[in-house]
Amino acid sequence: MTTDNDKLKNLLKDLPVPEPSPEARERAVKAAMAEFNRRGAADKKNIKGFSFWGRLKNKTLKGGPMMTRKITYSVGLAFSLLLAVIVMMPNFVSYRKGATEQPPVKTVPAVIPPGPALDAGPVIREKALAEHKFDAAPESGYGRQQLEIAADFNRPAPAATGMPKLALESASVEKDAAFRPPDQTYAGRDRFETLTPNPVKAAREEPVSTFSIDVDTAAYAFVRRALNSGELPQKNAVRIEELINYFSYDYPLPADRSVPFKATVNVFPTPWNPATRLLHLGIKGYDLVPTGKPKANLVFLIDVSGSMNSPDKLPLLKNAFRMLVEALEAKDSVAVVVYAGAAGTVLEPTPVKEKGRILAVLDRLTAGGSTAGGEGIRQAYALAEANFDPKGVNRVILATDGDFNVGIRDPEELKGFVERKRQTGIYLTVLGFGRGNYNDALMQKLAQNGNGVAAYIDTLNEARKVLVDEAQASLFAIAKDVKIQIEFNPAVVAEYRLIGYETRLLRREDFNNDRVDAGDIGAGHSVTALYEITPTGSSGRLIDDLRYGSRPSPGGDRTVEQSGEYAFLKIRYKLPAAEESRLITTPVNREREYRTLDEVPEDARFAAAVAAFGQVLRGDPHVKNFGYDDVLKLAEAARGKDRFGYRAEFLNLVRLAKTARAMGDR
Amino acid sequence: MDHLTDIELVALSLEGNAPAFEHLVKRHYGTVFRLSYKWCGLKEDAEDIAQEVFIKLAQKLKTFGQKSSFKTWIYRITVNTAKDFIRKSITKRGYENAYVIEQEDANPGPPVGHHLEAKRLVKALGRLPEKQKAAVLLVLSEGLSHQEAARVLNCPERTVSWRIFQARKSLKKYLEHPI
Chain A
427 MTTDNDKLKN LLKDLPVPEP SPEARERAVK AAMAEFNRRG AADKKNIKGF
477 SFWGRLKNKT LKGGPMMTRK ITYSVGLAFS LLLAVIVMMP NFVSYRKGAT
527 EQPPVKTVPA VIPPGPALDA GPVIREKALA EHKFDAAPES GYGRQQLEIA
577 ADFNRPAPAA TGMPKLALES ASVEKDAAFR PPDQTYAGRD RFETLTPNPV
627 KAAREEPVST FSIDVDTAAY AFVRRALNSG ELPQKNAVRI EELINYFSYD
677 YPLPADRSVP FKATVNVFPT PWNPATRLLH LGIKGYDLVP TGKPKANLVF
727 LIDVSGSMNS PDKLPLLKNA FRMLVEALEA KDSVAVVVYA GAAGTVLEPT
777 PVKEKGRILA VLDRLTAGGS TAGGEGIRQA YALAEANFDP KGVNRVILAT
827 DGDFNVGIRD PEELKGFVER KRQTGIYLTV LGFGRGNYND ALMQKLAQNG
877 NGVAAYIDTL NEARKVLVDE AQASLFAIAK DVKIQIEFNP AVVAEYRLIG
927 YETRLLRRED FNNDRVDAGD IGAGHSVTAL YEITPTGSSG RLIDDLRYGS
977 RPSPGGDRTV EQSGEYAFLK IRYKLPAAEE SRLITTPVNR EREYRTLDEV
1027 PEDARFAAAV AAFGQVLRGD PHVKNFGYDD VLKLAEAARG KDRFGYRAEF
1077 LNLVRLAKTA RAMGDR
Chain B
735 MDHLTDIELV ALSLEGNAPA FEHLVKRHYG TVFRLSYKWC GLKEDAEDIA
785 QEVFIKLAQK LKTFGQKSSF KTWIYRITVN TAKDFIRKSI TKRGYENAYV
835 IEQEDANPGP PVGHHLEAKR LVKALGRLPE KQKAAVLLVL SEGLSHQEAA
885 RVLNCPERTV SWRIFQARKS LKKYLEHPI
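As given, the protein sequences belong to chains A and B, one line each in that order. Quick note, the first sequence lines up with residues 427 to 1092 if you use the numbering used here. Quick note, the second sequence lines up with residues 735 to 913 if you use the numbering used here.
Please note that a few of the clues may not be correct.
Unchecked claim - Using 20 angstroms as the maximum straight-line C-alpha spacing, the simulated PhoX-like pairs for lysine-lysine come out as follows:
#1 A:K1000 - A:K688
#2 B:K796 - A:K439
#3 A:K433 - B:K906
#4 A:K757 - A:K779
#5 B:K907 - A:K433
#6 A:K781 - A:K744
#7 B:K760 - B:K796
#8 A:K1084 - A:K1059
#9 A:K435 - B:K796
#10 B:K865 - A:K435
#11 A:K433 - B:K903
In case anyone wonders, no lab produced these hints; they're calculated from the structure. Source: prediction; values computed, not measured.
With the sequences and hints as input, model every part of the structure.
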């Protein structure tokens, strides 16, 4: 024991630390000196070192703590109002700019750390602090740090040469902010996997396209959130397939329940390109009959770390889970694991009959601490396994902002863990919350590898959609590892391009390999995929014929090739408990081809509109002559019944995007 | 100026003596960088943290109470800055991995066995809760007494001891069963 302790101590003592680079050291000294000189100058201006803020605080302190708070708040409020006025009146700003050396808050919007709207009060007070150089003891907060440095740049720089690194950064931020309207593409610190739109492929050279289905909807909710705050989402956040699959479509159902779903294919003119056509593939899974609902064994794994302490995170999450518990049936069971600095089970598996107990536990959750997400996941799976019901649905529902900073932190390790657990038959649902630090890439990885779905919850309505209205689809999988493979007929299709699904592409050989994981379909889920295809002989072809390439397709059957079929569709899936996949095949012939857009079923047209929207948002080159107005027109005519109002909301988002673009510079 | 104590340098700085302040910064840069590096495991980040610490030092100089020692004070600013930096860091890289790679590239270093253990230890440190990590780094690695660490972390001495005890347990567990 002691030797162990000593060894640990020795190891810690001798931790190898590299030499800091002399440049960095020099930079730090310069930055500190600049700050020091600035402070000194500021002090001389103030009466005996008492700043306005300091004097104010001193005065108010005499009035007792309650009084202090009141005065502080009212001063804060006064400044907020003043600032609001200044911000809202650009003319006033320019007037002030001309009149004084120190322009007011114009620098501030860009440097405020992204936060929920409700935080505006304190943030604005920080602005006031930064602007007026109150000598409130600086805290360790970076936001304030940046604010002060940025504001300071209006003065003549103390050390013009060899400007410290931090200050330089702030300077450029400030400069940008001065010339840019506050609404701009939101870059934030949310982490997304990089997306490159699928390229156009020549059917003659590469006739086969393979991908996994994706029923996640997180991207749509994230895009909505960005647009609702007047910003265009970052391009990597726009996963078109998730935008499309956010909506439910009434595709035909399978005739009997021996197959879990049916595929429908339509071919119709591309709204954004007269020279091409869209191949629209719709899959609809059957709904569960209420009596046949399996028992649900759910483990809520809830992130209660400090970062969740914001109105759009933990409180929203609690409400979401409350709604889910209300929607469950008495036979189902719920367990709750929380994680922050440490992970712990706060509720052992409890039947929903005892709803009161579950709700009471949810109510008591508060946020605090760092995030030991890895350990939490382990415990949640352990509980789900302990309570495993082979006939029921066993699912871990993870709710987090994705900021795992303690425990298993390496995404690959986490991925490996959920991947191993997948084989035990436990499914995973990942619910993302919050913004500013949202780790979408990790959430997607977890969901994709843990037989799961990922959704992003930005509002209570979204929680209702995911956890109540679509609870069946979210909780009960009817088929897993669903893969799609399309072989295009080069006699009819010259080129094709898969729209979206960039993160879900599979290799051709993966299709028949049952060990390769793919997406799941829940009860009542619909899945849509769109290909833009260029018929042979169309003027819209992008790829030239090969000079030496006029050979017949290898191994193909010439008579089938001449049949006029567009493509051949193959779908592989596994039933939830099965390990072996089944195959559905269907030729795409001219039966369901439409000459004009108007004849096309509403659902297919709406899907095309959403696809167009996603591409316009991303600035994809294939839709360059198609704008938000065209999307609006297309979607408006295809709204259909729109029972829950989701499509109406989409129309609104398109309008918001139009405004956001007009304001931004994209 | 080498003969002046930290406290004296602070006093001179407060009178507006820039060389005194510069001396203070240079004197402590190494310490601050070292702790920052142990905290985050990446040289560039540690340099950024150190710079930030000294900017804060300039800002807070006035609030330095003569009650505490200067060393305690600068350690406290460093720990807080490092914590914030990690939390708000734009790129949440796997710090422990970065640390290891850098070590391998930069210096062939001590014998393999020791090096391997150090690697694992750094990884394990990254998994500790912040408070435990701070206590362990200050006491076991930087060699502060429990009492001094308690002043840095602004908590009772027994809390420091308790955190170290807890951290030791987890560290040993991690070291024996690396995940």
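Comparing the hints with the structure gives:
Restraint check: the Cα-Cα separation between A:K1000 and A:K688 comes to about 14 angstroms, which is no more than 20 angstroms; the hinted pair holds. With a C-alpha separation of about 33 angstroms, the suggested pair B:K796 and A:K439 falls outside the 20 angstroms cut-off, and the hint is violated. Distance hint between A:K433 and B:K906 is fulfilled; the C-alpha atoms sit about 10 angstroms from each other, no more than 20 angstroms. A hinted pair counts as satisfied when its Cα atoms are at most 20 angstroms apart, and A:K757 with A:K779 qualifies at roughly 7 angstroms.
Under the criterion of a C-alpha separation no larger than 20 angstroms, the hint pairing B:K907 with A:K433 is consistent with the structure, at around 14 angstroms. Taking the CA atoms of A:K781 and A:K744, the gap is near 14 angstroms; set against the 20 angstroms cutoff, the hint holds. Between the alpha carbons of B:K760 and B:K796 the distance comes to roughly 19 angstroms, so the proposed pair stays at or under 20 angstroms and holds. Taking the CA atoms of A:K1084 and A:K1059, the gap is near 13 angstroms; set against the 20 angstroms cutoff, the hint holds.
A C-alpha spacing of about 36 angstroms is found between A:K435 and B:K796, which places the hinted pair above 20 angstroms, so the restraint is violated. Taking the CA atoms of B:K865 and A:K435, the gap is near 18 angstroms; set against the 20 angstroms cutoff, the hint holds. Note on A:K433 and B:K903: the hinted pairing holds, with a Cα-Cα distance of about 13 angstroms set against a maximum of 20 angstroms.
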